[in-house]
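> Quick note, the sequence shown lines up with residues 35 to 777 if you use the numbering used here.
Here are the simulated DSSO-like pairs of lysine-lysine, each with C-alpha atoms no more than 30 Å apart in a straight line:
(1) LYS244 / LYS180
(2) LYS210 / LYS244
(3) LYS659 / LYS675
(4) LYS659 / LYS566
(5) LYS337 / LYS185
(6) LYS210 / LYS312
Derived CB-CB ranges, DEER-like:
(7) TRP71 / ASN539: 23 to 31 Å
(8) LEU285 / GLY467: 38 to 46 Å
(9) GLN107 / GLN189: 48 to 56 Å
(10) HIS66 / HIS429: 31 to 39 Å
(11) GLU172 / GLN97: 35 to 43 Å
Derived from the structure by calculation, the hints contain no laboratory data. Given the structure is predicted, the values throughout are model-derived calculations rather than measurements. Heads up, the beta-carbon is just placed ideally off N, CA and C, and yes, glycines get one too.
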Amino acid sequence: MSQWSQVQQLEIKFLEQVDQFYDDNFPMEIRHLLAQWIESQDWEAAANNEAMAMILLQNLIIQVDEQLDRVSQEKNLLLIHNLKRIRKLLQGKYHGNPMHIAVIISNCLREERRILAAASMPVQGPLEKSLQNSVVSERQRNVEHKVSAIKNSAQMTDQDVKYLEDLQEEFDFRYKTIQSLEQNDKNSTHIKQEMLVLQAMLNTLDYKRKEVLSKIGRVIHEIDMLMSNMLTEELLDWKRRQQIACIGGPLHGGLDQLQNCFTLLAESLFQVRRQLEKLDELLTRLTYDGDPIPVQRPQLLEKVNFLLYNLFRNSFVVERQPCMPTHPQRPMVLKTLIQFTVKLRLLIKLPELNYQIRVKATIDNNRRFVLCGTHVKAMNMDESANGSLSVEFRHLQPKEMKTSAGSKGNEGPHMVTEELHSISFETQVCLYGLTINLETSSLPVVMISNVSQLPNAWASIIWYNLSTNDPQNLSFFNNPPAATLSQLLEVLSWQFSSYVGRGLNSEQLNMLAEKLMGQQVSYNDYQLSWAKFCKEHLPGKSFTFWVWLEAILDLIKKHILPLWIDGYIMGFVSKEKERILLKDKTPGTFLLRFSESNLGGITFTWVDQLENGDVTFHSVEPYNKGRLSALPFADILRDYKVIMADNVPENPLKYLYPDIPKDKAFGKHYSCQPNEVSKPSDGGVKGYVPSVFIPVSKILNDSTEPHSPSDLLPMSPSVYAVLREHLSPTAIETAVSCKLFHS
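Whenever a hint applies, use it, and build me the whole structure from the sequences.
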């Protein structure tokens with residue numbers, strides 16, 4: 035079943051979440067019509083490879099054209115109209131930046147996987163629940179409403195200033211007219227009446243000036259309150275959501291809405307600033323005793339400039355955190371001399387700033403690392419599909435500096451993966467007489483010199499962003515705090531949903547909790563230390579919990595991904611629980627679990643029944659990535675043979691737990707037809723019988739007698755003779771290295 039088919043079967047509350055991230059940037063019609071094709075492409079790799087992204091974009095348009103031809107024959111007018119519009123959008127919006135559509139589609143697919151994983155959970159995780167708080171959503175709506183109201187108030191004040199200007203011009207005309215009359219004329223009754231009119235006009239002018247200044251003051255106060263409270267909270271929430279998204283959590287939408295709010299507030303402040311300038315102009319033409327403009331205007335202007343400074347400083351954000359194109363799902367882990375990308379945005383989108391802001395990137399202040407590549411670029415509105423004012427650095431490389439002794443500091447396998455660094459950015463905005471220096475920084479990054487350090491470096495990134503919302507605590511690991519086990523387990527599930535397409539259910543998470551704690555616990559409020567997670571070896575093992583889990587992720591990604599996505603691998607189940615599940619099942623029922631003693635290993639256990647009615651269990655030696663590289667796991671399950679006491683090979687695997695026929699579960703993943711006995715004429719090199727790999731094990735009976743040398747072989751000579759009748763010597767030699775543990 036395709037991922038999209040699974041999405042369509044979700045409950046309405048989850049479908050509403052899906053609806054939120056499909057818009058004109060990537061219409062849902064295309065996702066629906068091209069579901070299979072879209073899911074078969076590597077959008078993650080294309081998101082960091084422009085040539086690959088361009089090819090995928092061209093192929094996407096070709097797919098749309100094919101759908102357009104199909105619906106044209108069906109005369110579906112509405113769909114024809116929508117597909118033509120979408121085709122035009124794809125060509126016009128992404129032709130100059132094909133990687134953007136790759137990023138969008140990759141994010142959508144990832145978010146679908148996360149929602150599917152969340153739907154399989156009995157309850158929503160604590161972190162995700164906090165991110166979707168109804169209070170937060172209500173605040174977002176309030177911010178947008180208040181910003182709109184402020185913009186309207188500023189525009190209404192513009193009309194008041196214009197009325198004041200017209201009134202003053204009329205007063206000025208009347209006053210100059212009287213001033214131009216002869217002295218005799220000034221004593222006339224008409225002139226005296228005119229002077230009374232002028233006095234009334236001056237009184238009105240004074241009242242209107244005070245009224246305009248009062249309205250301007252209220253607009254400034256409303257902006258100040260909004261920025262100090264709700265808008266600041268919104269920005270901090272977005273940054274927190276970005277942190278969580280970086281470690282596999284829900285996508286952090288809302289930046290476009292923040293940009294709209296920041297831009298409208300900046301426009302309102304500049305509008306107020308122009309109004310104050312107009313009042314200053316009116317002041318130079320007319321002033322009087324008690325004039326409110328010279329008293330209030332300087333204070334208001336100072337406040338406006340102060341708010342503009344703060345608004346611009348807060349608007350300079352890292353939209354996409356540093357990430358190596360080779361590891362798109364491991365952001366903030368950077369390898370020396372390997373390029374990484376990072377994107378910044380100014381949330382105040384004003385046309386006057388296009389190509390006028392040059393951003394400089396640097397790293398740390400300790401001079402241990404430097405950035406090579408293009409580290410100064412101009413922000414513009416042309417590279418982003420949504421027209422935001424942004425800049426993306428695509429060719430930066432961190433380089434470790436040599437020490438005074440001439441050798442590199444920690445270069446090599448011993449570079450500390452708990453040492454945090456920061457990528458900093460600075461620029462200057464010059465606009466309407468204001469000069470504002472802006473600075474921002476990425477979330478802490480971990481530097482590595484060898485890809486073998488990546489797992490532990492990623493563990494550091496997970497722990498940091500799970501445990502704190504401080505964006506710049508570079509000394510965090512001097513004394514790392516404990517994490518709530520329930521939140522950590524939720525993040526571990528995200529690692530699976532984002533990296534290998536399917537999250538963990540409550541039973542699987544319970545097993546991980548028991549493995550971390552060494553016993554069955556109620557983990558809702560349990561605090562887990564950093565050392566327990568990533569530094570201390572598991573009891574009786576030579577590796578840590580995180581190294582064990584990371585090896586499983588790597589195994590799934592490279593060798594058993596389709597089986598994992600289909601949900602046929604139980605994976606995380608203890609040997610004790612395994613036997614409880616299988617003991618009452620039909621003989622031949624088996625399940626798949628990850629090895630607890632071998633890194634990156636998967637095994638299967640089946641239940642059997644002895645002649646006396648006793649139940650017995652058999653577990654095959656775990657398969658690791660080396661053996662799975664030679665033979666697909668689905669084919670192993672199909673062709674697996676075991677030699678029983680009568681020396682007749684047979685496949686003991688009949689039903690996948692609880693009762694799914696094996697071929698029904700794995701049939702679509704078989705690489706070819708089941709292996710059959712071949713004849714010399716069946717193909718292969720002339721004169722030879724084609725050979726095949728068949729995984730074979732022998733069940734040894736319990737015995738207190740010493741094993742003879744033949745017992746230590748993969749199989750006895752008599753068993754070998756049976757197989758020799760059916761298989762070539764080469765096939766036997768390469769297939770009998772499996773051992774089986776009998777209990």
